[in-house]
Amino acid sequence: MAAEAHAAPVHHATSTGTDNRKLLMWLFLASECLFFGSLIASFLVFKARMVLPPFPHAREIDSSLLAGLPEVIQEQCAHVVSDTLVECHGILDIPVTSASTFVLLGSSLAMVLAVYGAQHSRPGMMKAWLLITALLGLTFLGFQVYEFRTFGSEGLNLSTNQFGASFFVLTGFHGTHVGVGVVYLLSLLAASFRRNGLGPEAGFHVETAGLYWHFVDIVWIVIFTVLYLIPS
Amino acid sequence: MTTTEHHESAAHEGLGPRQYVTIFAILTVVTVIELWLSYSDIGGLLIPLLILLSAFKFVVVVAYFMHLRFEPRILNRLFAGGFVLATLVLFALISLFWNDITHPLG
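Respectively, the protein sequence lines represent chains Z and W. The first sequence: position 201 = 201 (our numbering), numbered continuously. Just remember that our numbering sits 232 ahead of the position in the second sequence, which is counted from 1.
Simulated from the structure, these hints should not be mistaken for laboratory data. Be careful, since some hints might not be right.
With a Cα cut of at most 20 Å, we get these calculated SDA-like pairs of lysine to any residue [unchecked claim]:
#: 1; chain 1: Z; residue 1: 47; chain 2: Z; residue 2: 157
#: 2; chain 1: Z; residue 1: 127; chain 2: W; residue 2: 248
#: 3; chain 1: Z; residue 1: 47; chain 2: W; residue 2: 280
#: 4; chain 1: Z; residue 1: 47; chain 2: Z; residue 2: 232
#: 5; chain 1: Z; residue 1: 47; chain 2: Z; residue 2: 73
#: 6; chain 1: Z; residue 1: 47; chain 2: Z; residue 2: 148
#: 7; chain 1: Z; residue 1: 47; chain 2: W; residue 2: 328
#: 8; chain 1: Z; residue 1: 47; chain 2: Z; residue 2: 173
#: 9; chain 1: Z; residue 1: 47; chain 2: Z; residue 2: 59
#: 10; chain 1: Z; residue 1: 47; chain 2: Z; residue 2: 58
#: 11; chain 1: Z; residue 1: 127; chain 2: W; residue 2: 250
#: 12; chain 1: Z; residue 1: 127; chain 2: W; residue 2: 253
#: 13; chain 1: Z; residue 1: 47; chain 2: W; residue 2: 321
#: 14; chain 1: Z; residue 1: 47; chain 2: W; residue 2: 323
#: 15; chain 1: Z; residue 1: 47; chain 2: Z; residue 2: 35
#: 16; chain 1: Z; residue 1: 47; chain 2: W; residue 2: 283
#: 17; chain 1: Z; residue 1: 47; chain 2: W; residue 2: 278
#: 18; chain 1: Z; residue 1: 47; chain 2: W; residue 2: 276
#: 19; chain 1: Z; residue 1: 47; chain 2: W; residue 2: 319
#: 20; chain 1: Z; residue 1: 47; chain 2: W; residue 2: 324
#: 21; chain 1: Z; residue 1: 47; chain 2: Z; residue 2: 120
#: 22; chain 1: Z; residue 1: 47; chain 2: Z; residue 2: 172
#: 23; chain 1: Z; residue 1: 47; chain 2: Z; residue 2: 87
#: 24; chain 1: Z; residue 1: 47; chain 2: W; residue 2: 329
#: 25; chain 1: Z; residue 1: 47; chain 2: W; residue 2: 270
#: 26; chain 1: Z; residue 1: 47; chain 2: Z; residue 2: 93
#: 27; chain 1: Z; residue 1: 47; chain 2: W; residue 2: 250
#: 28; chain 1: Z; residue 1: 47; chain 2: W; residue 2: 279
#: 29; chain 1: Z; residue 1: 47; chain 2: W; residue 2: 326
#: 30; chain 1: Z; residue 1: 47; chain 2: Z; residue 2: 230
#: 31; chain 1: Z; residue 1: 47; chain 2: Z; residue 2: 154
#: 32; chain 1: Z; residue 1: 47; chain 2: W; residue 2: 282
#: 33; chain 1: Z; residue 1: 127; chain 2: W; residue 2: 249
#: 34; chain 1: Z; residue 1: 127; chain 2: Z; residue 2: 208
#: 35; chain 1: Z; residue 1: 47; chain 2: W; residue 2: 325
#: 36; chain 1: Z; residue 1: 47; chain 2: W; residue 2: 320
#: 37; chain 1: Z; residue 1: 127; chain 2: Z; residue 2: 179
#: 38; chain 1: Z; residue 1: 47; chain 2: Z; residue 2: 90
Just chain Z, same shape as in the assembly (with noise of 0.2 Å):
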């Protein structure tokens, strides 16, 4: 009990009955849902327009419209259907972005488990479980690295085609903001290690972090179902 009222943060009053901090970090996921809105809705809107390949699923195109295509690009769409017809395999790999969904999501526990120990007074718990997310973090960025390099070989890129655009800037911003939560969770681990550690509000402080790191999964739930798994 001792301990835990030793883990209480120093709270002051306020008028909306809680920490402008934490009301400050509410009010930038809001604003985070309008900036990852916008950029699915423009996904949304390319995916309905396109006509050139790479195709983030199966497709069949009018083959005249792979003249002038690279090689690379063309092989994509080497079934061929009819005289016109061909068919495009789908680029996106399912499998392996099911297992990084599944790093992420693992990583939202590993959060909270680090969050629980942070304000139940249990250092170790909460050094072990930060160190942990923050792996797993990185371990999905590492997908994501895999991912672009691969539809670099397969000749997709930023400015193939307008799936290629929104797809980069959509993922690509969302790793961002996993790459910046690493930053986060190591800086705190690292200030955890202080002699009075994070101090008497390291349970508010990680649970900041928290909203942050949870935040960003729930994009990628959105993310996932939206661009991977929804079919063209």
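Since chain Z is already given, all that's left is putting chain W on it; use the hints.
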């Protein structure tokens, strides 16, 4: 609830590691169902089901992992406001461009 004593959400109303693992297990099962659906041939039901399951996961993470369920109403309204605005932006952009296929892009 005049001050921030509410703020800590009382260590989130009894949620502990066991509950968090259970929530994670539910999220994992839902994700597996989503994957299974995406490979199955269920026609027009696919997209609504995927959106429904995704929304469920979204709400569970926000409510229990982010503890919004236990937070003061102002935080709930703040985040809901941002989310609703984002949804409106999404529908506005889609309705603006969805039928404009006269100038297909590359």
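Structure-based check of all given hints:
no.	hint	in the structure
1	Z:47 with Z:157	holds, 15 Å
2	Z:127 with W:248	holds, 17 Å
3	Z:47 with W:280	holds, 18 Å
4	Z:47 with Z:232	holds, 7 Å
5	Z:47 with Z:73	holds, 18 Å
6	Z:47 with Z:148	holds, 18 Å
7	Z:47 with W:328	holds, 14 Å
8	Z:47 with Z:173	holds, 18 Å
9	Z:47 with Z:59	holds, 12 Å
10	Z:47 with Z:58	holds, 13 Å
11	Z:127 with W:250	holds, 19 Å
12	Z:127 with W:253	holds, 18 Å
13	Z:47 with W:321	holds, 17 Å
14	Z:47 with W:323	holds, 15 Å
15	Z:47 with Z:35	holds, 19 Å
16	Z:47 with W:283	holds, 17 Å
17	Z:47 with W:278	holds, 18 Å
18	Z:47 with W:276	holds, 18 Å
19	Z:47 with W:319	holds, 18 Å
20	Z:47 with W:324	holds, 16 Å
21	Z:47 with Z:120	violated, 47 Å
22	Z:47 with Z:172	holds, 17 Å
23	Z:47 with Z:87	holds, 17 Å
24	Z:47 with W:329	holds, 11 Å
25	Z:47 with W:270	holds, 18 Å
26	Z:47 with Z:93	holds, 17 Å
27	Z:47 with W:250	violated, 41 Å
28	Z:47 with W:279	holds, 15 Å
29	Z:47 with W:326	holds, 11 Å
30	Z:47 with Z:230	holds, 11 Å
31	Z:47 with Z:154	holds, 19 Å
32	Z:47 with W:282	holds, 17 Å
33	Z:127 with W:249	holds, 15 Å
34	Z:127 with Z:208	holds, 15 Å
35	Z:47 with W:325	holds, 13 Å
36	Z:47 with W:320	holds, 19 Å
37	Z:127 with Z:179	holds, 19 Å
38	Z:47 with Z:90	holds, 13 Å
Hints 21 and 27 from the earlier list are contradicted by this structure; the remaining hints agree with it.
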